[in-house]
Amino acid sequence: MEVSEVYVINSALIKIDRHFNKGYKELANEVVSEVISKSGIESIDLVVVSNMLSDCILDQLDISTILMQNLGMTKVRTLRVETGESSGLAALEAAWMAIKSGAAENVLVIGVEKVTEYPTYKINKVYGKVLDYEVEFIRNITPPDYAALVMKAYLKKYGLKREDLIMWPVKMHDNACRNAYAQLSFGITPEKVLTSMVISDPIHLLDTFPLGDGAAALLLTSGKAVSNVAAEPVKVVYVDSAVSAQFHLREDLTRLPATAVLASRLKEKFGDKVFTEAAIELHDSYSIYAYIILEELGLAERGKAYEIVSELEFVNVSGGLKARGHPFGATGVYQVAELHKLVTEGFAGRKFDGKYAIAHSMSGPDYNARVALLQKLA
Amino acid sequence: MKYSIPKFWRRKEGYYQIILTKCRECGKVAFFTYVRCPYCGSSNVELVKSCGRGVVEEFTISYNRVEEGEEYLPKIIAIVRLNEGVRVVGELVDIDLSEVKEGVEVEAVLRRFSSDDPHGLIYYGLKFAPVIKGA
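First to last, the protein sequences are chains S and R.
Going by this note's numbering, the first sequence opens with residue 8, and the numbers climb by one from there.
Going by this note's numbering, the second sequence opens with residue 180, and the numbers climb by one from there.
One or more of the hints may lead you astray.
Said to hold, decoys possible - No more than 27 Å apart at the CA atoms, straight line, and that leaves these computed lysine-lysine pairs for DSS-like:
#	chain 1	residue 1	chain 2	residue 2
1	S	K311	S	K107
2	S	K163	R	K280
3	S	K358	R	K191
4	S	K164	R	K186
5	S	K22	S	K311
6	R	K280	S	K164
7	S	K129	R	K181
8	R	K312	S	K136
9	R	K280	S	K168
10	S	K136	R	K191
It should be emphasised that the hints constitute simulated quantities derived from the structure, not laboratory data.
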């Protein structure tokens, strides 16, 4: 059986912000209208909606159905995908598999999240449910606590000072200044990182992401249909995911096991240089994770990622979760939309002409990780 | 009601004692009650009770505000190496913030996780406190 190729032919995103005057339907509508209107695609076979919090925050189950009803798309297949913070790339994974298998030709992926319906402390509570409710959440352990323990283990293992790990957020804010869709498009100084509020020592407020609402959309099509569209298609070469052991079962906290598995599998399939030849959007929910992800992908030596931060030209051009923002279920879709634009029309004042573009996403302390490998057609 | 009563009751053994899952296939031991070995996936496991004592390997002092958890702030979340060699992450209590350090000997103590104030259930579970010498 012939396996279909999969292409992104259009992408759309809105500025991540506190959109108090808009609900998730309005946010999704903006990106859906934009992504379909310019595409040349006449019919959609499947809509995959990525959303993490609707059950807890929006009091809404079956959000994909309700969304289709409100967008006048009642005859289309639709499903919601939720894998915690990596839901966006999981939605791409589902869409990719649907086209690959021949079950669908044109698939719309929507990532939408309304985070600011409640104050931060309420969102912090539901966000904690990405961990094991019975083992961790109920015992008052939260995601930043784990990031703090990882940072302390990392500093200890490599004999570093806290001050050595302050350039990631500074770099992300600098990148976000050129991204019109970023939530925090202002610069910060290294001093400001360490004087910002302590969340879980040594993790400060500026080591982590802001809370904001967002929506992004991708239009995917099969190899058969791609010749009919005018846009510059970008091939979705591969999407992969893995799960790692729970935090207390890990002996080495300076590793992210699921990300490591994906990095190894991607190198095995596409060569050792796959990450060094790519523009990358990675999941820096806490700055310490960014350093470790760089090491897991082979972009930096163990314990030395902080030394190369200033040299990273095409890593998190968006500003990353840190400064672009992290509207949970929408984030992975943002990453792919940003990379799609980066290699076609240009994004955040830059254009990438290299071989690959890679989105990396994970949930909690790498409880699951996902990667998507994109390639612009020559 | 914050928590489902059956959900909490069902796990009470694991909340009121430190229970470890010991795998008869790969021999590894893990904190908490797993239906299969989290390392090798074998269902040939047995649940064993920990002595409940260990040593603080790492800790963080957390100010992260979470709804209905404010009264516990700042909280100390510690990685404890149990005497059985197994790691567990949990809250550290009955210790001054300035006295928390690696190597402190701790033991499991029954404390409140949460409550349905002002009426209703109080949810108890194990946290860790420094071992009182001679006690």
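Now for the hints, and whether the structure bears them out:
Annotation: proposed proximity of K311/S to K107/S is violated, straight-line Cα distance about 39 Å (limit 27 Å). Proposed proximity of K163/S and K280/R is supported: the alpha carbons are some 14 Å apart, at most 27 Å. The straight-line distance between the Cα atoms of K358/S and K191/R is roughly 56 Å, outside the 27 Å bound, and the hint therefore fails. Note on K164/S and K186/R: the hinted pairing is violated, with a Cα-Cα distance of about 39 Å set against a maximum of 27 Å.
As the CA atoms of K22/S and K311/S are separated by approximately 33 Å, the hinted pair breaks the 27 Å bound. Between K280/R and K164/S the CA atoms are separated by roughly 17 Å; this keeps the pair inside 27 Å, and the hint holds. Distance check on the hinted pair: K129/S and K181/R sit about 13 Å apart at the alpha-carbon level, within 27 Å; holds. At roughly 38 Å between alpha-carbon atoms, K312/R and K136/S are farther apart than 27 Å, so this suggested pair is violated.
Under the criterion of a C-alpha separation no larger than 27 Å, the hint pairing K280/R with K168/S is consistent with the structure, at around 18 Å. Of the supplied pair hints, the one linking K136/S and K191/R holds, its CA atoms being roughly 20 Å apart against a limit of 27 Å.
Comparing the model with each numbered hint stated earlier shows that hints 1, 3, 4, 5, 8 do not hold.
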